Amino acid sequence: MSKSAADTQQNSSHLGEKKSLIGSLFAHQESGLVLVIILMMAMLTGYGMWSPIEQKTPIHLDDGATIVLLDSQGKTHENLARTQIAGYRVTLDGEITEYSSETIERYDSSSRTLFEVHAANRFLNKANLVQIAKNASFFAIMAVGMTGVIILAGIDLSVGSIYGLSAIVGAMAMNSLGTDASLLVSIPVGIGVCVVVGAMCGLFNGAMTVGFNVHPFVITLGMMATLRGLTVFLAQYFYDKQSIGNLPSTFQTGFIKAEFMGVYPVPIVFMILVTIGGWFVLSRTVFGRRIMAIGGNETAARYAGIPVGRVKILVYTITGALAGLSAAIYIGYLGSAETNAGNAYELQVIAATVIGGASLMGGRGTALGAVLGAIIIQLINNAMVILNVDPSVNQIVMGAAIVLAVIIDQTKQKLARRNA
Amino acid sequence: MNTRSTMLASTAALGLLAGTALVGCSKATESSDTATNDTSTADVTYTIAVIAKSNSNPPFLAAKTGAFDAGKRLSSELEGVTVQVNWQTPPQEDAQLQAQYVEQLVASGIDGIAISVSDANTLNGVLRDAVDKGVVVVTFDSDAPESGRMAYYGVDDKEAGRELMRQLAPMLDGNGTVAVLTGNPAASNLSARVEGVVEEADNFEGVNIKQVYSFMPETATEAVAKMQQVQIANPEINGWALVGGWPLYTDNALDGIHENAKVVSMDPLPLPIAYAQKGQVQVLVGQPYYGWGERSVEMIVDKLHFDKSPESELVFAQFDIVTSDNADEYLTKWEAWLKTD
Chain A
265 MSKSAADTQQ NSSHLGEKKS LIGSLFAHQE SGLVLVIILM MAMLTGYGMW SPIEQKTPIH
325 LDDGATIVLL DSQGKTHENL ARTQIAGYRV TLDGEITEYS SETIERYDSS SRTLFEVHAA
385 NRFLNKANLV QIAKNASFFA IMAVGMTGVI ILAGIDLSVG SIYGLSAIVG AMAMNSLGTD
445 ASLLVSIPVG IGVCVVVGAM CGLFNGAMTV GFNVHPFVIT LGMMATLRGL TVFLAQYFYD
505 KQSIGNLPST FQTGFIKAEF MGVYPVPIVF MILVTIGGWF VLSRTVFGRR IMAIGGNETA
565 ARYAGIPVGR VKILVYTITG ALAGLSAAIY IGYLGSAETN AGNAYELQVI AATVIGGASL
625 MGGRGTALGA VLGAIIIQLI NNAMVILNVD PSVNQIVMGA AIVLAVIIDQ TKQKLARRNA
Chain B
28 MNTRSTMLAS TAALGLLAGT ALVGCSKATE SSDTATNDTS TADVTYTIAV IAKSNSNPPF
88 LAAKTGAFDA GKRLSSELEG VTVQVNWQTP PQEDAQLQAQ YVEQLVASGI DGIAISVSDA
148 NTLNGVLRDA VDKGVVVVTF DSDAPESGRM AYYGVDDKEA GRELMRQLAP MLDGNGTVAV
208 LTGNPAASNL SARVEGVVEE ADNFEGVNIK QVYSFMPETA TEAVAKMQQV QIANPEINGW
268 ALVGGWPLYT DNALDGIHEN AKVVSMDPLP LPIAYAQKGQ VQVLVGQPYY GWGERSVEMI
328 VDKLHFDKSP ESELVFAQFD IVTSDNADEY LTKWEAWLKT D
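The listed protein sequences correspond, in order, to chains A and B. Mapping of the first sequence onto the numbering used here: residues 265 to 684, in sequence order. Mapping of the second sequence onto the numbering used here: residues 28 to 368, in sequence order.
If you're looking for bench data, these hints aren't it; they were derived computationally from the structure. Treat the hints with care, as some may be off.
To be verified - The calculated lysine to any residue pairs, modelled on SDA-like cross-linking and capped at a C-alpha distance of 20 Å, are: (1) Lys160/B - Asn389/A; (2) Lys335/B - Leu325/A; (3) Lys160/B - Glu380/A; (4) Lys335/B - Arg376/A; (5) Lys335/B - Thr330/A; (6) Lys366/B - Thr92/B.
Said to hold, decoys possible - Covered stretches of chain B (in silico footprint by chain A; criterion: 3 or more residues with CB under 8 Å from a CB of chain A, positions within the stretch not fixed): (7) 98-109; (8) 112-123; (9) 126-134; (10) 142-148; (11) 152-161.
Being a predicted model, the structure only gives us computed values, none of them experimental. All C-beta atoms, glycine included, are put in the ideal place defined by N, C-alpha and C.
All chains should be built: construct the whole structure from the sequences, respecting the hints.
Below, the structure written as structure tokens:
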């Protein structure tokens, strides 16, 4: 073979590799979701550039410092309307520092604080992006479990109530430890109690569904009401309150709400770990293959010797446990649990799963898709806040997104059948 | 590949559609929500978020109107100032969602937040973070005293309970057997009102509290059922103190009751006022629904613009007393408060 012919073959081989790389990139079920996220982020970043915000940094005055306000002629005042303030003069130990009103947004005499401002993108800033991912994490963790249920062609309407009950019981357990409990005690108790309560509820869902051969819609609907009632009853009976706080600070600021570079990323770490776990279980284990097989054709799976009942019970138990884990993160982040927690969250969790590409007919879905679905929902929520849209529109958009996701899924199925 | 392309194109279209719809909605909302003085050039814009408990309750819709009206008025009164009000309220009561709104609003550069706190334990931390970052926070209707907020505006719940009994007792002519109706017995605001009713009853000779009756869930149907059952089982009851207006959100809730008992209730909303007009409810004790929004925005602007805080952290409002005599007049107020423009 001549050198030029070999080069040509090598080049075409590289081209083929490139094509296959791009092809395999778009072959993934989640590529469409990633594209949506990129498009939405691009649009919101554009809006954020067009309409920037002023981020504030507090400058606390020392005890001995005095401050006067300067008008445009340089005269000093103790009080002035903000539009008349040209600057601020701070004196400490005879040393004078002057700040322009262009860099200082305002002075708060109650806390003796100057607030320095600098422009930032309304959307594309560290705090906002972490917010979106953090808010998504509560739903995404539950959605990974729900993906397994939906792949089985099942449904779990009780995840919101499991979340609420796990949170209340977890908060009761941690409240009993006292606010000074050590990290080594508060973390196992906080996470352990919530996860065990959630798993027990999920186990009950699965056992009832399989044992009585009843559609999970009915069982989990009943559980949704029962668990919510139990949540309210426990809080009232033992604490006579609607919410339970005073949890160990080690579980809050020491763990779940630990600050890192000005943000709170721990819930996001949990989301990533659960996503990796969900991906591994669904795509790399026998158990995952069995879930897919049952969802694809339950009768065939049964004839193939798959223990259908056991797999179903385990999937519902894992879903409950993940709802419990999400509840533990919620109480650790917000420092309390209230009886209304998780109310109607099943809608958002199912929406995330369906938007993420899981088929309600069973047999298809991915953990990563569910997480991306939850992120899309939070991007929509964030857009509502940034764009100052009436929150009622949120529900309309959310509902439309679910319907559109199902339509797209059905269209895709039809085209696939036609091509086959 | 065709399938994939279709999937990708459709999904992208979904995203773009949602995004475009949002931007479109945003422009429409902004044009109506931004309260700007047309004749002045704005040197400073204060963006204030109002977070109520739920998006469909008439009291909170009145608060919304009050907040927007205050924004418009202050924009025209203060030279070089634009006050923009941003309504961010969950569709139904959800403390976690309120907390998420607070965090997102702070990240998006909000100047002030007026909030009716669904659960103080849940909101304390995020409100404290907001205050630390220079956001002026005022609570209305329900407070979060440990959040570091600048002020609370609303009624004193215990005093509201006392007012109910002060209105009811004189109508019983020194011979009263009074039933108290409450919703969730664990709700702190309702507990305080019940406490006020019971304590005030001690000041009236011959007036006795039969019992405090609670019901769950807090729906009109449950409330009506509870009242009817209690009245049938205890015909000696000749006075009812309702610490919330739940049963009065239906028609004919007091059949078999109003003939035998005097009824006083919190919250003169449009439906309960119809009972006052019919003479079935003698007195309705109202909270400053419109003022929740109006005063909260005023206090935040005072702080942002003049660095002026209220004299006390607790700013208590007067009660509105509504009877058959002024029911029509009060209904006219509601028409203005519930305007949609």
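So, going through the hints one by one against the coordinates:
Among the hinted pairs, lysine 160/B with asparagine 389/A is consistent with the structure: their alpha-carbon atoms are about 15 Å apart, no more than 20 Å. Between lysine 335/B and leucine 325/A the CA atoms are separated by roughly 18 Å; this keeps the pair inside 20 Å, and the hint holds. Restraint check: the Cα-Cα separation between lysine 160/B and glutamate 380/A comes to about 10 Å, which is no more than 20 Å; the hinted pair holds. Proposed proximity of lysine 335/B and arginine 376/A is supported: the alpha carbons are some 13 Å apart, at most 20 Å.
Only pairs whose Cα atoms come within 20 Å are accepted, and lysine 335/B paired with threonine 330/A is accepted, the gap being roughly 18 Å. Of the pairs offered as hints, the one joining lysine 366/B and threonine 92/B holds, with about 7 Å between alpha carbons and a cut-off of 20 Å not exceeded. Only residues whose beta carbon comes within less than 8 Å of a beta carbon in chain A count, and the stretch 98-109 of chain B has 4; three or more means the coverage holds. Under a criterion of three residues with beta carbons nearer than 8 Å to beta carbons of chain A, the stated coverage of the stretch 112-123 of chain B is upheld, 11 such residues being counted.
Counting residues of the stretch 126-134 of chain B whose CB lies closer than 8 Å to any CB of chain A gives 8, so the stated coverage by that chain holds, three being the minimum. Given as covered by chain A, the stretch 142-148 of chain B passes the check, having 4 residues with a CB less than 8 Å from a CB of that chain where 3 are the minimum. With 5 residues having a beta carbon nearer than 8 Å to a beta carbon of chain A, the stretch 152-161 of chain B meets the requirement of three or more and the stated coverage holds.
Of the hints listed earlier, there is not a single one the structure fails to meet.
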